[in-house]
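Chemist: Here are the chains, one letter per residue:
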Amino acid sequence: MAKKSAYEAERERERGRERTIVTPEGIPLRFKVAPAGERAVAFIMDAVIILMTILFVIIPCVCTGVAATAGWGENFVLAAFIFLFFLFRHFFFVGFELRWQGATPGKRLLGLRVIDSHGGPLRGQAVFARNLTRELELFLPLIAVVYPSALWGEGGAWWLQLLAGGWLVVFAFMPLFNRDRLRVGDLIAGTIVVRSPKPVLMPDLARSAEKRKARFEFSEKQLDMYGVFELQVLEDVLRRRGPERRESLQVVADKIMRKIAWDSKRREVDPEDFLRDFYNAQRARLEQKMVVAGERRERKKKGRLVRRRRDD
Amino acid sequence: MATRKFVLRSYEFRREREKTWRELERLVDRVEKSGIKNLSAAELTRLPALYRATLSALSVARAISLDRALLDYLEGLCSRAYFAVYGTKRHPLETIAEFFAVKFPQTFRRFRWQMAISGLVLILGGVTGFAMTAWDIDNYYAFVPDAMAQGRDPAASTEELREPLYDPGTAGDELLLFAMSLFDHNARIGIMAFCLGFAAGIPCVLLIFYNGTVLGAFAALYHDRGLSVELWAWLLPHGVTELLAVVLCGGAGLVLAESLLLPGRHTRLENLALRGREAAVIVLGAVILFFIAGLIEGIFRQVVKDLTLRYAMATATGVWWIVYFGLVGRGARAEQAVDPGDEG
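Chains as they are written, first to last, in this note's numbering: chain A, 1 to 312; chain B, 313 to 656.
Just chain B, same shape as in the assembly:
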C-alpha cells in the first residue's frame, strides 16, 4: 500500500486564512466591548478589509468545506463583524442633538394629519365635556372621577373653587417633587396612548377624547361660577405643552393604527415596523414635553400668581412650540429608513 500524502483542500484553506479570522475576531471583540470609537485609525481601516476577506472565506467554505465547526465559527464571526461594520457608529450625544434639531420636528411634520386628528379628538372631547356639563351641572360627576376632583365639584362653593388656583400649597422645595410626580404620571398616560394605537387606535382615540371631556367638564364648572379667566390662567402655562404632548402621543398611536388598518403597498406587519419606529420618535419627544410641562406646572404655576404673567407664559410656550414644530430642521435632509442594501 503506497503512502499517499493526505491532502484535504478545506484543511489547507483553513490553515492559510485562519490568521485573518483571528485578527478580525479580536477587533470585533473590542468593538462589542467598548465601541468602535476605541479602535485606532489603522484598525478602523483594517476592520472592513478583514470583514470582507472573512465573508468571502465563509462563502468559499460553504462551497468546499464540510467541517461543521469551521462553518459555525465563520458564520458566527461574520454576523458579528457585519454588525460591527454596518452598525451605528455615531456618538449618543450626536444622536441626541440631531433628535432635537431635525428628527423630532421633522417627524412631527410628516405625521401632521394624524396629529391634527388627534388634536381634533381632544378638542371634540373638550367641547363635549363642556357642553354636557354646562347643560346639566350634575354631568360633571360622570366625567371627573372623585379622586381627580378632590372636592373641586359642583357642591363646592365658588371660593373653594377659586382657592386651589392660587394655592401656594407647598413650600419651595416641595414644588420640584410635585413637578416630578406630575411628569411621571402624565408621561405614563402618554406612552399608554401611543401603545394603545396598536389595538387599531380605538382605545387610543377614546383615551384622548376622555382626557378632553375631563378638561371640558372642569372648564364648564368654573365657567358656571364665572372663574373662566382665572382657570385658564392656571391651566394654560403648562397646559399648552402638556396638551400638546397628549396630542403627540395620541397622534403617534394613530400612526400605528393607520399602519395596521391601511397598510398600502406593504404587508401590515412590515408597515407597522416601518411606521412604528417613526412614531416612537414622536413619543420620545412627547415624554420630554411632559417633563417640561411638569416643571412649569409644579414650579412656575405655584410661584407666579399674577394673571398677566401666567397668560404671558402660556403664549410664550405656544409661540415657541409653533416655531419649533413649524420651522426647526426644515433645511436638513430627512434621514429616511434605509434599506440595508443601500448602505455601505
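If we strip away everything but chain A, and leave its shape as in the complex, we get:
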C-alpha cells in the first residue's frame, strides 16, 4: 500500500509541474516544467563542454598560432582570440538554442528544451535576452569571487567579494523560488524550460488479446471496482522488466483477487495471464463507459467485493 501511495504522490507532483499550451488548432498540449536539478546538470554539462573546448581546442590553437606567427603577427592571433572568446562565451548558448530549436548539447542530453512561455515560436530575440543575462547572473559574480582584482583593481574589499558571492547565490537559486523554475533570463525573455522527452511508442498491451483467447472472465461488478488510475498503474507493472517482475506481478494479482473476490482456489493462476486478461477487460470496460456514457471513473471503489456463494 505504501508503495502505491508513493507512486501516487509522484504522479501528483508531476501533474503540478504541467503547463498547458493551446495550439492554434484548439487542442491543449501539456508540457512538464524541467526540474531545477536537471537544469543544473544540463548547465554543468554545457559548462564542461565550453571549458573543454577552451582548454583543448582554443588555447592550443592560440598557442600554435602565436608560435607560428611569432615576431610578425602574434598579436593578431591574440586579438582574434579575445574576440572569438567573447563570441564563444556569449553565443555558445544562443547559437545552439537557435539551431537546435531551444536546446543546447546539455539540454539535449537531458531531454530539455526552451520554449516560449505562451507557446509561440521561439524567436531569436528571446534567445538573446535569456542568454545575455548569464553575464550578470554568472560570469561577473564568478569573476568577482574568484579573481576580484580583475574588476576593481588591487584594493578590492573583502565585503565586495562577499556581496558578489551572495549575488551569485541569489541568482543561481532563483529558479527554486518560483513554480515555473524561471531564472532571471527566462523572466526577461518570456521563456520556460520544459522537458521534451522522445517517448517511444510501446506495443499496445491489448495486443495479447488478439493472439490468444482470454482465459479469465470478469463480471461487470468486478471490473467496476477499479478506476483509470489503477488501470494505468497496472499498465506500468505489466510493462516493467527486471528480476522482480514475477514477484511484483504476483503481489498485484493477489491484491486484485482479494479486492474483486476472485475465487483463486478453483485452479492454479498464472499471475501474468491473469493480469493481462484483467487489464484488457478492465480497459475495455472503462473505455466503453467513457465513450458510451461519458463517464470516467478515476479511482477505485472503497472496500472489496464479498463473495456470496460458490457458483459451482
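These aren't lab readings, by the way, just hints derived from the structure by calculation. A hint or two may mislead.
Examples of chain B residues lying across from chain A (beta carbon under 10 Å, computed) [what the hints assert, rightly or not]:
(1) Leu320
(2) Arg321
(3) Glu330
(4) Leu378
(5) Arg380
(6) Ala396
(7) Thr407
(8) Ala446
(9) Ile449
(10) Phe495
(11) Leu508
(12) Gly509
(13) Val593
(14) Leu596
(15) Val599
Calculated pairs, DSBU-like style, for lysine-lysine (alpha carbon to alpha carbon, straight line, at most 35 Å) [said to hold, decoys possible]:
(16) Lys198(A) / Lys349(B)
(17) Lys345(B) / Lys198(A)
(18) Lys331(B) / Lys289(A)
(19) Lys32(A) / Lys300(A)
(20) Lys331(B) / Lys198(A)
(21) Lys32(A) / Lys345(B)
(22) Lys32(A) / Lys349(B)
(23) Lys32(A) / Lys617(B)
(24) Lys221(A) / Lys198(A)
(25) Lys289(A) / Lys259(A)
Rough simulated footprint, nothing fancy, chain B against chain A, three-plus residues with beta-carbon under 8 Å [unchecked claim]:
(26) 20-27
(27) 124-132
(28) 192-204
(29) 229-240
(30) 253-262
(31) 281-287
As the structure is a computational prediction, the values presented were derived from the model and not from experiment. Beta carbons: idealized from backbone N, C-alpha and C, even for Gly.
Here the structure of chain A is known, so what remains is to put chain B in place on it, guided by the hints.
Modeler: For chain B alone, coordinates are given in the frame of chain A:
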C-alpha cells in the same frame, strides 16, 4: 462460455493510425537534427498534414483511450511536431540582415524616450563630474579610480597629460589586440547596465551616471590645462559610438525597469517578458557598437594624430548613427510580438 471476439476500440484506433504517427515521427526527427530546410518540397507539404492528423488523433485518444503509453507517446510527438511546424523557419543569415536593416533601428525608435533619459543621465553625470572637478581639482580623485587614471591625474604635468593623447603606444599589430580588449571590457559593462535594469533601474542609472562623471572629471582636468580641444579629438572618434552604446544599454535597462514599475495592462512578469526581449535587441546592437568603437579606439586613434582628421571621424560617425537610427527601416512593417494564436 461463448468465445466472444475481443474488440477494443482504442486498440483498433491505434492500429489504423499508427503509420501516420511513425511517418510524422521520422520527419520531426529530421527537422530537429538538421533543420526544416532539409526536407524536400513533398515532405514540407506532408509535415503539417501529418501534424494535424496526429493532433486530432491525440484529441480522440484522450477521449477514448486509457492506454497511457499511447497517450504519452502522442503527447510527446504532438508537442515536438508543434514546434517543428510553428517554430522559426528562417535562415540565420536572413535574421541577421533583418536585424540590421529593420529590427535594431526600429526598436531604438520605439524606445526613444528611454534612450533619451539614459542619454540625459549620462550628460548629467558628465556635467556633474566636470563642475565638481572644475570647482575643486582634488575632487578628481573621488571620481576617477587610480587604476583608470594611470597617472593622468592633477599631479601630472601638462606635458604628461598631453603625451598619451598622441602616444603611438604600440606597434601596428598590437593595436588590434588593444582594440579587442577594449571591446571585451566595454561590452561587458554595457551588458551589465542592461541586466541591472532588472533591479528596478536604480543601479543601471547609477552606472550610467558614474560613467558620465568619470568622463566629466577627465574633461575638467584637461580643460584646466587648456587641452580641451585635443582631449575631445582623442575621445570623440570612438567616443561617439561608444557613448551611444552605453546610452543604448542604459536605455534598455530602463525599459526593463519601466516594465516592472509601470506594468500597464499586463501583469509585471508578463510585461517584463514582452519588453525584455525587445530590450535585448537593443543590447545586442549595442554590443556591435562597442565592437566598432573598439576598432576605432584601438586602431584609428592610435594611427591618426591629426586633429582635423580626428574631428572629421567623430562627425562622420555621429552623422552616420543619426541617419541609421533616424531613417533606416522606417518603411518596413514592424514585426510585432505575435500571439501564438495569430500564427498559422
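Chemist: Each of the hints needs a verdict: does it hold here or not?
Modeler: Here's how the hints hold up against the structure:
1. Nearest Cβ of chain A to the Cβ of Leu320(B): about 5 Å, under the 10 Å cut. The hint holds.
2. A hinted interface residue such as Arg321(B) counts as satisfied when its beta carbon comes closer than 10 Å to some beta carbon of chain A; here the least separation is about 6 Å, so the hint holds.
3. Hint on Glu330(B) holds. Least Cβ distance to chain A is approximately 7 Å, under the 10 Å limit.
4. This hint holds: Leu378(B) has a C-beta 5 Å from the nearest C-beta of chain A, less than the 10 Å allowed.
5. A distance limit of 10 Å between C-beta atoms decides the matter here; for Arg380(B) the minimum to chain A is near 4 Å, and the interface restraint holds.
6. Because the smallest distance between the Cβ of Ala396(B) and any Cβ of chain A comes to about 8 Å, under 10 Å, the interface hint for this residue holds.
7. Given hint, Thr407(B) at the interface with chain A, holds; its Cβ is 5 Å from that chain's nearest Cβ, closer than 10 Å.
8. Using the Cβ-Cβ criterion of 10 Å, the hint placing Ala446(B) at the interface with chain A is not satisfied: the shortest such distance is roughly 26 Å.
9. With its C-beta approaching chain A no nearer than about 22 Å, Ile449(B) sits outside the 10 Å limit, and its interface hint is violated.
10. At about 7 Å, the closest approach between the beta carbon of Phe495(B) and any beta carbon in chain A falls short of 10 Å, and the interface hint on this residue holds.
11. For Leu508(B), the interface hint holds, since its Cβ comes within 10 Å of a Cβ in chain A; the closest pair sits about 7 Å apart.
12. Given the 10 Å rule on beta carbons, the hint for Gly509(B) holds: about 9 Å separates it from the nearest Cβ of chain A.
13. The restraint placing Val593(B) at the interface with chain A holds, with a minimum CB-CB distance near 5 Å, inside the 10 Å limit.
14. For the restraint placing Leu596(B) at the interface with chain A, the shortest Cβ-Cβ distance is roughly 5 Å, inside the 10 Å limit, so the hint holds.
15. Because the smallest distance between the Cβ of Val599(B) and any Cβ of chain A comes to about 8 Å, under 10 Å, the interface hint for this residue holds.
16. Restraint check for Lys198(A) and Lys349(B): the C-alpha separation of about 22 Å stays at or below 35 Å, so the hint holds.
17. For the proposed pair Lys345(B) and Lys198(A), the alpha carbon gap of about 13 Å is at most 35 Å, so the pair holds.
18. Of the supplied pair hints, the one linking Lys331(B) and Lys289(A) holds, its CA atoms being roughly 28 Å apart against a limit of 35 Å.
19. Of the supplied pair hints, the one linking Lys32(A) and Lys300(A) holds, its CA atoms being roughly 26 Å apart against a limit of 35 Å.
20. Under the criterion of a C-alpha separation no larger than 35 Å, the hint pairing Lys331(B) with Lys198(A) is consistent with the structure, at around 17 Å.
21. With a C-alpha separation of about 22 Å, the suggested pairing of Lys32(A) with Lys345(B) holds against the 35 Å cut-off.
22. Of the pairs offered as hints, the one joining Lys32(A) and Lys349(B) holds, with about 29 Å between alpha carbons and a cut-off of 35 Å not exceeded.
23. For the proposed pair Lys32(A) and Lys617(B), the alpha carbon gap of about 61 Å is over 35 Å, so the pair is violated.
24. Distance restraint check for Lys221(A) and Lys198(A): the Cα-Cα separation of roughly 38 Å exceeds the 35 Å cut-off, and the hinted pair is therefore not satisfied.
25. Between the alpha carbons of Lys289(A) and Lys259(A) the distance comes to roughly 21 Å, so the proposed pair stays at or under 35 Å and holds.
26. Judged by the Cβ-Cβ criterion of 8 Å, the region 20-27 of chain A is covered by chain B as claimed, because 6 of its residues qualify and three suffice.
27. Counting residues of the region 124-132 of chain A whose beta carbon lies closer than 8 Å to any beta carbon of chain B gives 6, which meets the minimum of three for the stated coverage.
28. With a cut-off of 8 Å between beta carbons, the region 192-204 of chain A has 8 residues touching chain B; three or more are needed, and the interface restraint holds.
29. A count of 5 residues in the region 229-240 of chain A with a Cβ less than 8 Å from any Cβ of chain B is obtained; the coverage claim is therefore met, three being the minimum.
30. Check result for the region 253-262 of chain A against chain B: violated, 0 residues qualifying (beta carbon to beta carbon below 8 Å, three or more required).
31. Counting residues of the region 281-287 of chain A whose CB lies closer than 8 Å to any CB of chain B gives 4, so the stated coverage by that chain holds, three being the minimum.
The earlier numbered hints that this structure contradicts are 8, 9, 23, 24 and 30.
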